[in-house]
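Respectively, the protein sequence lines represent chains A and B.
Last residue of the first sequence: 268 in the numbering used here, with the numbers rising by one and none dropped.
Last residue of the second sequence: 268 in the numbering used here, with the numbers rising by one and none dropped.
Just so you know, the hints here were simulated from the structure itself, not pulled from any lab data.
Heads up, some of the hints might be wrong.
[Unchecked claim] In silico DMTMM-like pairs for lysine to aspartate or glutamate, Cα to Cα no more than 20 Å straight-line:
(1) A:LYS264 x B:GLU265
(2) B:LYS182 x B:ASP167
(3) A:LYS182 x B:GLU243
(4) B:LYS150 x A:GLU159
(5) A:LYS183 x B:GLU243
(6) A:LYS219 x B:GLU159
[What the hints assert, rightly or not] Restraint-style ranges between C-beta atoms, simulated for each label pair:
(7) B:GLY151 x A:LYS154: 30 to 38 Å
(8) A:GLY151 x B:LYS152: 39 to 47 Å
(9) B:LEU244 x A:ASP167: 41 to 49 Å
(10) B:ASP205 x A:GLU227: 37 to 45 Å
(11) A:LYS182 x B:GLY181: 19 to 27 Å
(12) B:LYS182 x A:GLU252: 36 to 44 Å
(13) A:LYS206 x B:SER168: 38 to 46 Å
(14) A:LYS183 x B:SER169: 34 to 42 Å
(15) B:GLU253 x A:GLY225: 36 to 44 Å
(16) A:LYS176 x B:SER232: 20 to 28 Å
(17) A:GLU252 x B:ASN226: 16 to 24 Å
(18) B:PRO208 x A:LYS183: 14 to 22 Å
Glycine included, every Cβ here is placed at the ideal spot set by N, Cα and C.
In case you want the letters, here they are:
There are 2 protein chains.
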Amino acid sequence: MGTVHRFKGKDKKFNWENVSIESYDSSKMKRVTKRVLIGKKEGAPYFVMRYFEIEPKGWTSLDKHPHDHGVIVLKGKGKVLLGNEEIEVSFGDAIHVPPNELHQFKNTEEEPFGFICVIPNKELVH
Amino acid sequence: MGTVHRFKGKDKKFNWENVSIESYDSSKMKRVTKRVLIGKKEGAPYFVMRYFEIEPKGWTSLDKHPHDHGVIVLKGKGKVLLGNEEIEVSFGDAIHVPPNELHQFKNTEEEPFGFICVIPNKELVH
Numbered sequence: 143m144g145t146v147h148r149f150k151g152k153d154k155k156f157n158w159e160n161v162s163i164e165s166y167d168s169s170k171m172k173r174v175t176k177r178v179l180i181g182k183k184e185g186a187p188y189f190v191m192r193y194f195e196i197e198p199k200g201w202t203s204l205d206k207h208p209h210d211h212g213v214i215v216l217k218g219k220g221k222v223l224l225g226n227e228e229i230e231v232s233f234g235d236a237i238h239v240p241p242n243e244l245h246q247f248k249n250t251e252e253e254p255f256g257f258i259c260v261i262p263n264k265e266l267v268h
Numbered sequence: 143m144g145t146v147h148r149f150k151g152k153d154k155k156f157n158w159e160n161v162s163i164e165s166y167d168s169s170k171m172k173r174v175t176k177r178v179l180i181g182k183k184e185g186a187p188y189f190v191m192r193y194f195e196i197e198p199k200g201w202t203s204l205d206k207h208p209h210d211h212g213v214i215v216l217k218g219k220g221k222v223l224l225g226n227e228e229i230e231v232s233f234g235d236a237i238h239v240p241p242n243e244l245h246q247f248k249n250t251e252e253e254p255f256g257f258i259c260v261i262p263n264k265e266l267v268h
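Model the full assembly from the supplied sequences, consistent with the hints where possible.
And the structure:
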């Protein structure tokens, strides 16, 4: 059967049943958590759906790679770098980061910035 | 460069800049709209991110196919049929409909039921 990961949002904290939290805090990525909502564990052969949350003053790594990202913002407000352009985004904005585009997500605000980010299964990327 | 489809939610109506609305109302699918947020038009090679909204008493078609769905609920409350089980879902719930699983989304409530639904590019599905 399929999978339902029940949302357990409470006090503005987003969590899901049976989804673990991976934390990143390094010179490359600052104050970021990742939750894999749908991926190999759920039996998804073609794509991975993750939820990222960036705390105030945090950022994701400055990245450029052959796979693309499909993003939809769920919480707060932040900035996305796409190539050489930085764009402010907030709830509901849909963003496509194409293959091999330089990109980075930043939280320049005082509240957490959270978004769904879809990638293809990397085995399919040529 | 990448794409940002700016969210234009207003009065509980969800819309996005430069995204057209496709409406379905037939014997197969009732009171459903679809918006393709990220797909071929945006240059996405591997997956398609759509937003579906089902009006009260509407439903999507009873489907079973080789591609899977990754879903996250954004608005309202509804029911999803997964195989022979019907499950109530609401904001934030993440659902994976695996390949070849019978499924259907229904709105049995009085408010619209809206969700993001990701599929792979069907050319990649074997």
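Are there hints from earlier that the structure breaks, and if so, what are their numbers? 2, 4, 7, 8, 17
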